[in-house]
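Peer 1: Model the placement of chains Y and E on the given structure of chain H, informed by the hints.
Protein chains in written order, with our numbering: chain H, 1 to 435; chain Y, 1 to 435; chain E, 1 to 435.
Read the hints as simulated data drawn from the structure, not as lab findings.
Just to be clear, a hint being listed does not mean it is correct.
[To be verified] Which chain H residues face chain E? A few, computed with CB under 10 Å, are given here:
id, residue
1, Val-9
2, Arg-38
3, Pro-192
4, Gly-220
5, Glu-232
6, Asn-242
7, Ala-247
8, Leu-250
9, Leu-258
10, Ala-262
11, Asp-264
12, Leu-265
13, Ala-268
14, Leu-337
Backbone N, C-alpha and C define an ideal beta-carbon position, used for all residues, glycine too.
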Amino acid sequence: MLPAMQTLVDSVWVLLSAFLVFFMHAGFALVESGFCRRKNVVVVLLKNVSVVAIASLLYYVLGFGLMFGGGSPWAGLEGFAPAADASVAGAPEGLPLFVFLFFQLVFAATAATIVSGAVAERAALWPFLAFTALASAVVYPLVGHQIWGGGWLATSTGFHDFAGSTAVHAVGGAMAVAGVMVVGPRHGRYGPKGRPRPMPAHSFPLAALGVLILWLGWFGFNGGSTLSAAPEAVGPVILVTNLAAAAGFLGGLAHTRLRTGALDLSMALNGALAGLVAITAGADVIGPLESIVVGALGAVLVVEAVLFLDRVRLDDPVGAIPVHLVGGLFGTVAVGLFANAEGARGLLHGGGLGLLGTQVLGAGGCAAFAFVAGWFAWRGLKATVGVRVPLDHELEGLDRAECGVDAYDESVAPGRGAVRMMDDGPALDRPAMEG
Amino acid sequence: MLPAMQTLVDSVWVLLSAFLVFFMHAGFALVESGFCRRKNVVVVLLKNVSVVAIASLLYYVLGFGLMFGGGSPWAGLEGFAPAADASVAGAPEGLPLFVFLFFQLVFAATAATIVSGAVAERAALWPFLAFTALASAVVYPLVGHQIWGGGWLATSTGFHDFAGSTAVHAVGGAMAVAGVMVVGPRHGRYGPKGRPRPMPAHSFPLAALGVLILWLGWFGFNGGSTLSAAPEAVGPVILVTNLAAAAGFLGGLAHTRLRTGALDLSMALNGALAGLVAITAGADVIGPLESIVVGALGAVLVVEAVLFLDRVRLDDPVGAIPVHLVGGLFGTVAVGLFANAEGARGLLHGGGLGLLGTQVLGAGGCAAFAFVAGWFAWRGLKATVGVRVPLDHELEGLDRAECGVDAYDESVAPGRGAVRMMDDGPALDRPAMEG
Amino acid sequence: MLPAMQTLVDSVWVLLSAFLVFFMHAGFALVESGFCRRKNVVVVLLKNVSVVAIASLLYYVLGFGLMFGGGSPWAGLEGFAPAADASVAGAPEGLPLFVFLFFQLVFAATAATIVSGAVAERAALWPFLAFTALASAVVYPLVGHQIWGGGWLATSTGFHDFAGSTAVHAVGGAMAVAGVMVVGPRHGRYGPKGRPRPMPAHSFPLAALGVLILWLGWFGFNGGSTLSAAPEAVGPVILVTNLAAAAGFLGGLAHTRLRTGALDLSMALNGALAGLVAITAGADVIGPLESIVVGALGAVLVVEAVLFLDRVRLDDPVGAIPVHLVGGLFGTVAVGLFANAEGARGLLHGGGLGLLGTQVLGAGGCAAFAFVAGWFAWRGLKATVGVRVPLDHELEGLDRAECGVDAYDESVAPGRGAVRMMDDGPALDRPAMEG
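Extracted from the complex, chain H is given alone in its bound form (with noise of 0.2 Å):
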């Protein structure tokens, strides 16, 4: 009977950690929507509920099946649209296969909901949509197959990434760097000499609560990682999130006013996700007060990336680049450097230098495949659809060049909305439907 009540607990947990992990997809659709123009924001909203939606097809039939299935030490070749009482390899024991699938599911749309933000204002949404379907039905997959499930890192290597640093965001934003210099920057960021031209945030609240809905829902991607309700190794994984995401906003708060003498709320918010994202690697065995550190120098980090970005120009708009590949690595490595016996999960295999080392490597060679996974996937895309909207959309706006409507509808006069939406195509009987 116990192993059962261990199962009953362990699969609550592992729930509720799904839910979490669901509901970045809220943060990440209002972190996007809310440092994007306004009149971009349907768009943008389209995308990232796409993305959740495509995930959840493909991963199930596809994905899953290639990351966790056995028969290869590349790729699973079994475990494609499982039934509930399938056998999967990789698959832990002792917990129901649907309730580890769809904690699984909901990171896979993580990885190209990471892309969405680099590329967005800009790229066309079919291929936008058709790259999404690829890199979370294959490209995260095959990766998460190395460091998850079961695949040669796995097993011939001691590489630690317990939650995703690498898996995740490492491999999202290596695939964001790709996008970026395949679609190019968006019109008028940069000026004739080449000077960034800010292009400013049209809503913080939105974004605020997109970093805080982010902030909550990592407790559930790192909390869940654990697989299990053992709480004496839930409860360090929560704290130092915790203590990573609060480093790591004061961070960057604290290095940006040093370095631009600005008072930066999205600078400070992408400190708080860096600090977030690098703890991911490491939440199991890097202890309280090496997590702050582990945090700040995240977000110092992330700062230091930005600016750089923006003389190299490749355009970011939400500063996804920064804050998932830089803080990704960083995040992988600093196992190597601050994991300790205060960890939850104890030592790990190797350790000390051939840890550093294994990590360096480990977290280089991921984020180097999904570099070139996505290049080829973007230069597929531009030489056949095209990535990128016409000018004049671009210039327009995507929502009223590609959707027909605003964001926001100002009207308030009664009639005035409708007889502007008069002028637009079929009338539907629902609001926006103008399209």
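Peer 2: Leaving out everything else, chains Y and E in the frame of chain H:
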């Protein structure tokens, strides 16, 4: 000891689910606010929170007893305002009464909330709140008694409505039809030739966030309806709920594109809700691949229903009738079409065509009862206190006319807001108390 | 084995509760943002997230030890920056230290957050953050030591404050009174004859969403305070929390209507919060019907308190003092008036008039200590760094004056936003970094 431990874990699961269902009311409030015009947003918010408050009090005092009390196949006659240790005939063994009651209580508010969106922007506040009291304390509990409370339908037929496609959604949707018929369309909604004039959504970020919150909340709505944390039952319920929502979003997006040429976020969002409503009746007996079909078909039906309501001039600002009535009826029937062994709970009594007939008749009967009850309620209110705001209030907007405030105060210059406010009646030491 | 299993379930429950309490900080941020004017929203958001970050770091390092460490009846002298396996005198048996610590940590930030709303729109950022550090790391922990940490009040009297009507809310509200007295009212808040000029809420959707999030979070705030998942204890706590909130919302709506004629959403929302604050002290010992009375009375008192603050010219933009101080004191006293056998935990030491007297003196004493501590802190800050922004910053709005950004960028035309931004100092590759 072990049964006690089981009770402990089941209670945590059911309470977690209840919290998610409670959060759905924030989702309903945001969806209705976002899809309505900015001049009516304060009253929309006031209505939505009032529904939660009224239903919370009246369902505890009256509705729970009517729904789960024993004494008659037509209505419970005990368990009103129960104590924590009361014994109520329809309450399950092995779950503390107040844990079960709280989960049922957060459900009860949803049926009335569905009506709120359908009659938004012109129904008067007090009659709507009076209707809310009746719907949540009497109409919904009487139907619920038949389906879950030990009433005739539950005990004498094989009717299967796992989490309320009929009990909650079709019932709410049918009452909404009655409300819309009695209250009538918004002024200016239909042009001289009866051609509908779209009234644009005032905020897509609010609407999209609301739908994501509802999607999240549905994991509790369906997951908690197992009333147990048994993971072999819960895991599949959660997975199919998510797959149906994903398929609904993409189905709504695609079918609207084919049908109208529009790239329509609002229809895609309602498609996701339609998928969720549709899978609710059979989430325990429908497998993953079938759930994708159910979600997509639900979304297609909702798009068609929106176009149909348009032709018959039923003015439903948020699409509540298509989503909840059409989606709910379809979902209940879908149990007869798609239930299979992959479902979590295994076989139903009857099954096959017998089951299909039972589902059709059960769903139809409950919706008919709710429509008739709603019709007499709205007609009675119209004949006495009236159900509609004065035309000038509707034109000015309900917020200024009824509450004396704007949902958004744009004044930035100091004093400007204050000066405008000086004219608005008794000033109190609060923002926005000038109403 | 069974105690281990109990620990497992209790940890899941306490962590779930902690996540809900963490989410309350999003609610606080939205309520304060929504009720303030749009020119100050960025700074409001910056303050609210900073409070979470500062309290997270300092409570772990210092506050937790002061609150729960042993060594003296007046303050803990151990358990600073504890390790996961540390033994701390005031921490409960059978709950892992970091699970307990994280739940307490998310509580600690709330007291300071209460002050944030009261001094909003004119208090300077840095002194507020310094106050936050003191409040969350020292003042709140010292009171908490008395009430929950094994201090004199906890061990020598029958004082009962289940989840913090006094420990969190009255303490935060009392520090808010000190802050408002020292900082002074917003410029232009009171007219020549002292007649208050209302300063309208800039966004009701943000405020209403914030209150619904706080209502949800309170299920963790009160529910988790059992520190155990024991369902016979948890069920009633959750139910009465919800009933008090519902009664508070309707009570606030009705009493304002009677008192001022206004149909006032903001007062109804604060009524719901008042009901929640009021039930917090006795959620374990007050029955459902009594909780409705407590919630409604709390809301009536809050409406009256708002009108009273108006007369004495204490300018509290969000109503923090009425809700948290008045609601908290009333709720603590209400334990002596309404505690009964339906309460989950059964009898208290003392009881009857003895209990009532204890509650009055205990709540009054703690609030007085917090007021005095807050007064000296704010006076000290005023005498050194100053506590108020320059008048021209207050008039222009804190967002532009201090952060160089607007909370909402309305520019739609391409370039327009960018052009405006060109003048705003060093441009960086981020939205809204022009500050």
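Peer 1: Hint by hint, work out which the structure violates, then give me just those numbers in ascending order.
Peer 2: Going through the list in order, the structure violates hints 3, 9 and 14 and respects the others.
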